[in-house]
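Q: Model the full assembly from the supplied sequences, consistent with the hints where possible.
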Amino acid sequence: MNELMNAFESVFTRSNIFYMFRGLGVTLYVALISVILSIIFGTILALFRAYGNKFLKGFSVAYIELFRNTPNLLWVLAIRFMVRMPEPFDAPMYSGILAFTLFTSAVMAEIVRGGLNSVHAGQFEAAYSQGFNFFQTMVFIILPQCYKAIVPAMLSQVITVIKDTSFLAQVAIEEFFNNSKWIMSAQIDSTVNQSMRVFIIFGFVALVYFIINFTLSCIVRNSRKKQEA
Amino acid sequence: MSAFSAQKWEKLFQNIDLFIQGFGTTLYIVLLGLLLSLVLGAIFGVISTSHNKVLRGIARVYVEFFQNTPLLVQIFFLYNALPYVGVFIPVKTIGIVGVGIYHGAYMAEIVRTGIEATPKGQRDAADSQGFSYVQTMLYIILPQALKVMLPPLTNVAANLIKNTSILAIIAGGDLMYQADSFASSTLAYGPAYVVVGILYFIICFPLARLSGYLERKFGATPKPKDYTALLSAYGMGKGAAK
Chain A
3 MNELMNAFES VFTRSNIFYM FRGLGVTLYV ALISVILSII FGTILALFRA YGNKFLKGFS
63 VAYIELFRNT PNLLWVLAIR FMVRMPEPFD APMYSGILAF TLFTSAVMAE IVRGGLNSVH
123 AGQFEAAYSQ GFNFFQTMVF IILPQCYKAI VPAMLSQVIT VIKDTSFLAQ VAIEEFFNNS
183 KWIMSAQIDS TVNQSMRVFI IFGFVALVYF IINFTLSCIV RNSRKKQEA
Chain B
6 MSAFSAQKWE KLFQNIDLFI QGFGTTLYIV LLGLLLSLVL GAIFGVISTS HNKVLRGIAR
66 VYVEFFQNTP LLVQIFFLYN ALPYVGVFIP VKTIGIVGVG IYHGAYMAEI VRTGIEATPK
126 GQRDAADSQG FSYVQTMLYI ILPQALKVML PPLTNVAANL IKNTSILAII AGGDLMYQAD
186 SFASSTLAYG PAYVVVGILY FIICFPLARL SGYLERKFGA TPKPKDYTAL LSAYGMGKGA
246 AK
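Chains as they are written, first to last, in our numbering: chain A, 3 to 231; chain B, 6 to 247.
Just so you know, the hints here were simulated from the structure itself, not pulled from any lab data.
In this text, a Cβ means the ideal position worked out from N, Cα and C, and glycines have one as well.
Treat the hints with care, since some could be wrong.
According to the in silico footprint, chain B covers these stretches of chain A (three or more CB under 8 Å from chain B) [to be verified]:
| hint | stretch |
| --- | --- |
| 1 | 27-40 |
| 2 | 199-211 |
Only some residues are given here: those of chain A computed to face chain B with a beta carbon under 7 Å [claimed, not checked]:
| hint | residue |
| --- | --- |
| 3 | 165 |
| 4 | 168 |
| 5 | 172 |
| 6 | 173 |
| 7 | 216 |
A: This is the structure we're talking about:
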């Protein structure tokens with residue numbers, strides 16, 4: 003028991019805790035910005051696909067198929083190693099945001115498309131009869147209903163993004179898992195309780211991800227239930 | 006376009022064996038991982054609809070834990086933490102078990118929703134005919150639930166394929182790993198990533214099409230509506246007034 007306390011004490015020093023939570027901040031920041039950008043680009047792609055001319059539709063379909071059928075990790079690596087980010091965004095974190103935005107936009111586009119299909123055609127007719135132009139119809143009538151219908155699907159995707167940001171540890175972006183791994187490697191010193199400390203860190207990492215994502219998935223479940231009711 | 010120069014492509018084609026080998030490993034891990042995830046999904050999906058509270062609880066914990074923590078952390082645990090307590094698992098096995106258990110949790114949720122979507126009368130009817138629980142599931146409920154389950158299941162399968170790429174991070178010898186190590190030793194990043202992208206696309210695209218086809222066939226999602234007339238009223242789309 004005493005040993006366990008010692009292990010906890012040596013893992014959770016003030017500076018270690020600070021370092022891990024700074025990583026968590028990066029994780030959440032990358033996820034949040036990527037999701038916001040993906041919702042915007044995903045909506046544009048979905049609108050192109052549903053209402054665009056041949057060229058826009060073709061572009062949108064090609065984009066969505068390309069990113070949905072290749073691994074996210076491939077884009078994380080390719081962007082980190084092959085794209086030089088312009089000046090104010092040259093910190094490694096931004097290449098992560100770019101990779102996640104590119105990838106998640108395709109997923110969001112499919113979600114928004116499902117939402118658009120669920121809006122009743124009569125809504126278009128009503129808007130048109132009131133003299134709304136296409137843009138107004140979309141912004142004031144169709145998209146609000148569409149977003150309302152896809153909140154659960156979007157939130158599920160947010161969970162996926164938060165989990166997948168752990169890939170960024172592989173390209174040395176200082177997010178939560180990356181920083182936790184650093185602390186783990188500092189704990190490996192061939193003393194008796196090193197394995198205990200490694201397990202404590204793994205447990206802590208899993209717990210933090212779990213608390214965030216489980217909270218979100220409870221929200222998803224509740225909003226699904228509300229929609230069905 | 007020095008990132009895609011001719012020399013780099015040449016290097017890639019000299020080492021194409023590596024990519025083929027990696028592709029084979031990925032397919033092997035995908036097939037066994039898929040099998041494991043389907044078995045786990047069926048078991049946990051069925052027991053999460055049972056009347057036994059303990060069984061339901063176990064299924065709940067399984068699904069929530071594996072859906073809400075990153076696959077990468079799970080795989081790292083198997084690869085990096087278990088050796089400290091003397092458990093050494095070969096890296097390909099880690100891949101199969103890792104993606105199998107993780108996606109099994111998603112499959113279990115799909116199976117559960119599929120079963121719950123089957124009308125309750127079906128179960129009562131089976132009961133009245135003296136079917137046991139297992140028989141009811143196998144002969145009555147699951148065949149009907151399959152229609153609802155198939156499109157999302159193919160989606161999860163596609164995700165499983167894409168997620169096997171994570172093994173690259175633990176030197177799993179899979180396609181992504183071979184490409185990454187080839188790229189970092191020859192600096193031919195461009196061609197390596199393009200070829201890998203194409204190879205993953207070749208496996209995932211048919212599945213995505215299948216999923217779309219099944220969705221249309223079984224009507225799981227609302228059909229896209231024909232807006233041609235409306236759009237032409239706005240002066241847009243195919244039939245737009247010139």
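Q: Compare the structure with each hint and give your call.
A: These are the hints, each one checked on the structure:
1. With a cut-off of 8 Å between beta carbons, the stretch 27-40 of chain A has 0 residues touching chain B; three or more are needed, and the interface restraint is violated.
2. Against chain B, the stretch 199-211 of chain A contributes 6 residues with a C-beta closer than 8 Å to a partner C-beta. That satisfies the three-residue criterion, and the hint holds.
3. Annotation: interface hint on residue 165 of chain A holds; nearest CB of chain B at approximately 4 Å, less than 7 Å.
4. Using the Cβ-Cβ criterion of 7 Å, the hint placing residue 168 of chain A at the interface with chain B is satisfied: the shortest such distance is roughly 4 Å.
5. Hint status for residue 172 of chain A relative to chain B: holds, with the closest Cβ pair at about 5 Å, below 7 Å.
6. Here the hint on residue 173 of chain A is broken, as its CB sits about 10 Å from the closest CB of chain B, past 7 Å.
7. Hint status for residue 216 of chain A: holds, given a least beta-carbon distance of 5 Å to chain B, under 7 Å.
The structure fails hints 1, 6 (numbered hints given earlier, in ascending order).
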